[in-house]
Each structure stands twice: as structure tokens, then as C-alpha cells.
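When you get a sec, could you build the whole thing from the sequences and use the hints?
Listed in order, the protein sequences are those of chains A and B.
Numbering-wise, the working numbering puts 6 at position 6 of the first sequence, and it's gapless, one number per residue.
Numbering-wise, the working numbering puts 300 at position 10 of the second sequence, and it's gapless, one number per residue.
Since the hints were made in silico from the structure, they are not lab data.
Do not take every clue at face value.
When the alpha-carbon atoms are kept at most 27 Å apart in a straight line, the in silico DSS-like pairs for lysine-lysine are as follows [stated by the list, open to error]: (1) B:K452 to B:K373; (2) B:K549 to B:K471; (3) B:K452 to B:K384; (4) B:K471 to B:K394; (5) B:K681 to B:K698; (6) A:K118 to B:K394; (7) A:K118 to B:K570; (8) B:K594 to B:K607; (9) A:K118 to B:K384; (10) B:K367 to B:K594; (11) B:K607 to A:K118.
Note that the structure is a prediction, hence the values are computed from the model and not measured.
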Amino acid sequence: MLDPAILLASALNGLTTGAVYALIALGLTLIYGVLHIINFAHGAALMVALYGVYFLHRGPGLDPYLSLPVMVPAMFVAGYALQRLVIGRASHGKDENVLLVTLGIAIVLENLALFLFKSDTQTIDTPYTFSTVSILGAMISVPKVVAFGGALVVAALLLLLIRRTDLGRAIRAIAKERQGARLVGIDVEHVFAMSFGIGLACLGAAACFLLPTYYVNPQVGNGFVLIAFTIVVLGGMGSFAGALAGGLLIGVVESLGGLWLGESLGQIGIFLIFIAVLLFRPQGLFGARA
Amino acid sequence: MIHPARRTHRRRFLKHSAALAASAGALGFPAIARAQSGPIKVGVLHPVTGFLAYSGNLSRLGARIAIDEINASGGIKSLGGAKLEAMLGDAQSKPEVGVAEVEKMNQAGVSAIVGAYASSICLATTQAAAKYNIPHVVDVGVADQIVERGLKNTFRFGPGYKVITQDAINYFHIMNTLARKPARTVMIIHEESLFGTGTASLLSRELPGLGYEVKEVIKHANPTRDFNNVVLRIKAVNPDVVIPANYYNEYALLVRTMKQQNVQPKAIFSVLGGAASSFKFVKEFPDVANGVIDVNHWYNPQDKRAVALRKKVEGMKEFYTYEVFLNYQAVYLLADAISRARSRDRDAIVSALAGSTWGGHFMPYGPTRFVNGQNQGARPLVLQVLQNDIKVVLPNTYAQTDPVFPWKA
Numbered sequence: 001m002l003d004p005a006i007l008l009a010s011a012l013n014g015l016t017t018g019a020v021y022a023l024i025a026l027g028l029t030l031i032y033g034v035l036h037i038i039n040f041a042h043g044a045a046l047m048v049a050l051y052g053v054y055f056l057h058r059g060p061g062l063d064p065y066l067s068l069p070v071m072v073p074a075m076f077v078a079g080y081a082l083q084r085l086v087i088g089r090a091s092h093g094k095d096e097n098v099l100l101v102t103l104g105i106a107i108v109l110e111n112l113a114l115f116l117f118k119s120d121t122q123t124i125d126t127p128y129t130f131s132t133v134s135i136l137g138a139m140i141s142v143p144k145v146v147a148f149g150g151a152l153v154v155a156a157l158l159l160l161l162i163r164r165t166d167l168g169r170a171i172r173a174i175a176k177e178r179q180g181a182r183l184v185g186i187d188v189e190h191v192f193a194m195s196f197g198i199g200l201a202c203l204g205a206a207a208c209f210l211l212p213t214y215y216v217n218p219q220v221g222n223g224f225v226l227i228a229f230t231i232v233v234l235g236g237m238g239s240f241a242g243a244l245a246g247g248l249l250i251g252v253v254e255s256l257g258g259l260w261l262g263e264s265l266g267q268i269g270i271f272l273i274f275i276a277v278l279l280f281r282p283q284g285l286f287g288a289r290a
Numbered sequence: 291m292i293h294p295a296r297r298t299h300r301r302r303f304l305k306h307s308a309a310l311a312a313s314a315g316a317l318g319f320p321a322i323a324r325a326q327s328g329p330i331k332v333g334v335l336h337p338v339t340g341f342l343a344y345s346g347n348l349s350r351l352g353a354r355i356a357i358d359e360i361n362a363s364g365g366i367k368s369l370g371g372a373k374l375e376a377m378l379g380d381a382q383s384k385p386e387v388g389v390a391e392v393e394k395m396n397q398a399g400v401s402a403i404v405g406a407y408a409s410s411i412c413l414a415t416t417q418a419a420a421k422y423n424i425p426h427v428v429d430v431g432v433a434d435q436i437v438e439r440g441l442k443n444t445f446r447f448g449p450g451y452k453v454i455t456q457d458a459i460n461y462f463h464i465m466n467t468l469a470r471k472p473a474r475t476v477m478i479i480h481e482e483s484l485f486g487t488g489t490a491s492l493l494s495r496e497l498p499g500l501g502y503e504v505k506e507v508i509k510h511a512n513p514t515r516d517f518n519n520v521v522l523r524i525k526a527v528n529p530d531v532v533i534p535a536n537y538y539n540e541y542a543l544l545v546r547t548m549k550q551q552n553v554q555p556k557a558i559f560s561v562l563g564g565a566a567s568s569f570k571f572v573k574e575f576p577d578v579a580n581g582v583i584d585v586n587h588w589y590n591p592q593d594k595r596a597v598a599l600r601k602k603v604e605g606m607k608e609f610y611t612y613e614v615f616l617n618y619q620a621v622y623l624l625a626d627a628i629s630r631a632r633s634r635d636r637d638a639i640v641s642a643l644a645g646s647t648w649g650g651h652f653m654p655y656g657p658t659r660f661v662n663g664q665n666q667g668a669r670p671l672v673l674q675v676l677q678n679d680i681k682v683v684l685p686n687t688y689a690q691t692d693p694v695f696p697w698k699a
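Here is the structure:
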């Protein structure tokens, strides 16, 4: 049997990873909730954001956390423009078209990155990459604690935006009843683009929190997309609280699974949960019964 | 209308080429007249882009330094001072691209190929070169299949991983016995490809026979960016010695995470470890590098030429790694063979390499002797990072100092 101190360390480690998963899933669930599309380009967009943080660090020497005020607005603008100029236009009002368009965007982005940056795996080194803090006797790396806190703050801001602002009300209105929202004078196309922009802005933040302990290469997004989809289904499609709880849960399951079954088999727990949820609670942990 | 001046040019050209053809005909070698003069083309084939780019570029550097030195000191003297000309190839870290480069090199008429760093690429390029009997000197490629397929054109100067792992086991046992056996249990952390898996299985088969208990073997993916779980596992198992077998990035991260989680075994003893025999690692992470032991390719530290080359490479602001000196020596081995063959002909060079007894290198191998393409004297050395430098600690013939074991941080 494993030492409880080691179990605790692994669980805390998983919790910090899970917070970043949650951040990525929040963007995905927002886009799904409002636009009713599954954004296949989510992983590729995360990859672009990670490269953004990487080059800001390599070029002007900007600390990944100081890149936040650059990357979050930049990803928002990119998302807004992408929805307004490409996805919205190409969809011709059909959701299944959007699916293919986002898939196409993912392929284009990944191969552009492959062409421009080669398939090399890049990492950055910061003075705090290997600093640790002791939490209940477990040594947790500082960037992971920062990522955990940062992800929770971003999630809280997002919830506030959705619950308390006019934009949030418009987003919720469109999510519920698109036609009705248009009838009461909401600019649906604008809100669509805002939602897409906010979804990608979440990725901008996630990239800043992720890179100090992670790496970037053109395929980096794929691993996250699969996990983010699982979280969204687990938490309930379109549910923010569900995405947050799901992300944290998946992080812990992955970490403990890795501890027991070895690194290669560790992720099996995630997908067992995924199958179990689909079988016994298809609306997700926090989803409304359809 | 034809310009008069151009017409005379053409006439003069026709006259000259007719004379040239006649003279070539008189010598009796019209078809290969051109190939027998001018520089001798040597294919220098490495993965200089893709995930192996770092090692590939250092390999290329080593080969080019050797070629420049040979040319500067008068070329191949037995061939009238003919110069070596590098034909650079990039395998892009993929075996199939390596094969395509061999085809190109064959078309260009290279006399021999030096390369191609990674085992998987070497397996493919040696086979492609064998079709045209192009002599292929393998610079690193530690997988033993490379020299076990009966390819007549393939010659590996350095040791393969079976010899390295076997030596590592023996040296480890010697070191532990000398220190009155403080180590009884080991844990192996390895990467998932041919090199890591092969090394790990050899270690876990042989170590119990010498009285060591292999507590656990952990495999990890490439790349891995979080070793917290692996290190927590090490903490739980608490082995005397941790044996990593992985590439630079993962090796560095594993050792750094161990430091971070305050896991201190009696030794980190690696086999072909990506970092412990790397000056890059020692320079970038001196706090975790000190004390780490590695069994790897290394030069005879007493040889002045090896030390001079280190100065030269460091003067170029590059790290003096095994990629550099193994390729440097591989080119010299080839130059010796061409010189003795007195020919740029591929068959003649293959025969000269097969009969090579070259002792003019600075590796701890003795004069070369190839059996089925493998240099029989090739051996690794045991290295330890001590006081921010890499020192040879075993065997005694080459040792610069005694190993520090068990290690106390």
C-alpha cells in the first residue's frame, strides 16, 4: 500500500493539472453552449497560444505570466475575427458545416506550425520553473500552484461575466433560444463572435499558466482536446460549474492512475469515467436532464 | 542569324571537346574519366532537423572539423593530395528521409557515407547504401541489429548497446563491491523506444544474477513534461540506486524533479544517459548534475588530441559531446581506409575498412579490428560529474579520479 503522504502529493499535483484542464474545457463548453458547435480547432488554438507565449519569452524575454495581458486580448481578437470572417460565413446557417470548418482550421493551423516551427519540442526555462512550496507536507511546484489559482480566478471572472453583464445575459439568451433572442433585438452574429473570442481568450490564459511546466510542439493540442471533450461531457455540455468540477476530477484521476498503473496506463481512468458517465448519467454531472 | 563571334566559339569548343574525347579514349577510361580526379566526395548524413536536430547538428560539426583538418594538412596523400568534399545530407530525424538522402548521394557519386546518428536511421541508411556497396561508417547508432545483418558495407567504430550495458553492469558491481556493497536495490526508469526498452530489459535480466533486486521498472513516453508521479513512485519504493535510460530532455527533467521532491538515492547511475555525459547539462544544471554517474561513449582523457579538439569545439561556442568526437573520429577512420586503398573506388574502400588496424585515434579502443562490421575493441567508459566537470572514474586504465559512491549531497 502506498504511503498516504505520497497519495496526497499525487492528488494535489493532479488538482493543479486539473485546474488548467478546466480552463481549456471552459472555453470549449462556452462555445458549445452558445453556438451549439463542437470546436475541433480548440486544440490547434491552444497550440497557437502556447507558441505565442513561447515566442514572447524567447524574443522580448517576457515572463509567461506577464504575457497574460498580451495573450488574452490577442486570442480574443483572433477568436472574434475567426468566427466573424471565416466560421460564420462558411457555415451558411448550418451547424454541421461549422463542424467541418473548425476541423479544417485545425488542420491548417497544425500544418502551418509544422512548416514554420518544425516538429521540434520547445520548452522555456524560468527562474521559478523548479521552485516548490510545501502544502501539507507535499512538495508542489510553484508554477502549478500559480496555474491552479489563475485558473480559478479566470473561471470566476467568466462566471461573473455570464451571470452579471448584459453580454452574459445575451449569451445565455442565445444559448436558450436563438430565434427569440434575435427577435428581441440581440445582435446574434456579434454575440456568437464574442463567445468564440472569449472561448479562445480562455486558451490564451491557459497557455500562459501552462508553459512554465509544459512544452509546445505543433501536435501539443491533440492531447488536451480529448481530455477537454471528456470534461465537457462529464460536467454536462454547456455547464460552467460542470467544466470546473470535471476538470479538477479528471486531473486527480489521471494523476492517481499514473501513480498506480504507471505513466503509460494512467489515462485509462479518465476514459473509464467517460464511459461510465455516458452509460449512467448521459446528461453529465451538472447537466440538466434533456 | 548566327552571330559571327558565337559561331567561332562553338567551332573552337567542338575542336577542343574532340581532342578531349580522343585523349580520354587513349587512356582507356572514357566513362569514369571525371570521377578519378578532383575531390573525393563523402556523404555526411545526419538528422539536422526534427526532434534529433540538436544531436544531428553536433554530429555534422564533428565530421566537418575532421574533413577541414584533413584537407588543410594536404588531403589524401596516396591519391596525390586529393581533398575530401563533404556532401551534406539531412535525414530530418526520419529513417525514410535518410534512405532518400542515400539515393541522392549515390547519384552524386560519393565514395563513402558517414552517419546517421540514431539507431533507427542507421538501420535504414546502411541498408540503402548496401545496394550500391557504398561504404557506410556508423558514427553512433548503438542498436546491435545495425551490424548483425551481414551487410558488407557497414562499419561501426563505437560500441553497441549490449556491450555498453554489459560493461555498465560489471562496472556497477565493481564500484559497489569496492564501497563494501551499500547498494542492494535498484529502480529503472526508461524511455519507451528501442534504446530505453532494450537497455531496461537487459539490466533487469542481468542485475539479479549479481545479487541486486530490481524493485521496479517504469517506462515513460517521449516527450514527458511532468515526472512528479514517477518521482513520487521512487520515493515510495526508496531504492538504493536509480538507473535512468532516456534522452536529454527527460533525463534532465527527471533528475531535476528528484532534487525538487528531495529524493536522494545513493547514486544515479545511468546507461547511455542523455545528460550525465553532457557538458551542456553540467553547465545548465550544475546543482543537480554533480554526483551523477553515466556509462557512455568517451575519449581517452590522457590523449592530448582529444583535449585539443575539446578546446577547438568550445572555442566555436559549441558543447564537446560524444556526437562531435565520434563523428570526428569516424571521418579519420574513413580517411585512413581511403589512403590505404589508394583509390576512391567503393569496393576498394570497403576492403580497406574491413582490414583496418587503425590506431591513430583518441578513443579508448586500441587499434581497430572489424568483425562483421563491428569494431571489436570499442568500449564505453564510466563518467561522473564532479566539481562541475565530467571525470572518467572507471576503468582504472583511463580513470582521472576515484568514483564518489555512495553520493552524499
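Within 27 Å, alpha carbon to alpha carbon, are K118 of chain A and K384 of chain B? 13 Å, holds
Can the restraint linking K118 of chain A and K570 of chain B be considered satisfied, given a maximum Cα separation of 27 Å? 23 Å, holds
Given the hinted pair K681 of chain B and K698 of chain B, is their Cα-Cα distance within 27 Å? 18 Å, holds
Please work out if K452 of chain B and K373 of chain B have their alpha carbons no farther apart than 27 Å. 37 Å, violated
Take the C-alpha atoms of K452 of chain B and K384 of chain B, compute the straight-line distance between them, and say whether it is at most 27 Å. 24 Å, holds
Would the hint linking K607 of chain B and K118 of chain A be met if the CA-CA limit is 27 Å? 24 Å, holds
Pairwise hint evaluation, K394 of chain B against K118 of chain A, where the allowed Cα distance is 27 Å at most: Measuring from Cα to Cα gives roughly 23 Å; hence the hint holds.
Given the hinted pair K367 of chain B and K594 of chain B, is their alpha-carbon gap at most 27 Å? Roughly 24 Å separates the two Cα atoms, so the pair holds.
Are the Cα atoms of K594 of chain B and K607 of chain B separated by 27 Å or less? 20 Å, holds
Distance restraint between K471 of chain B and K394 of chain B, which requires alpha-carbon spacing of 27 Å or less: Given pair K471 of chain B, K394 of chain B is violated - Cα atoms ~55 Å apart, limit 27 Å.
Are the Cα atoms of K549 of chain B and K471 of chain B separated by 27 Å or less? It holds: about 24 Å lies between the C-alpha atoms, which stays within 27 Å.
Going down the numbered hints, you'll see the structure goes against 1, 4, while the others check out.
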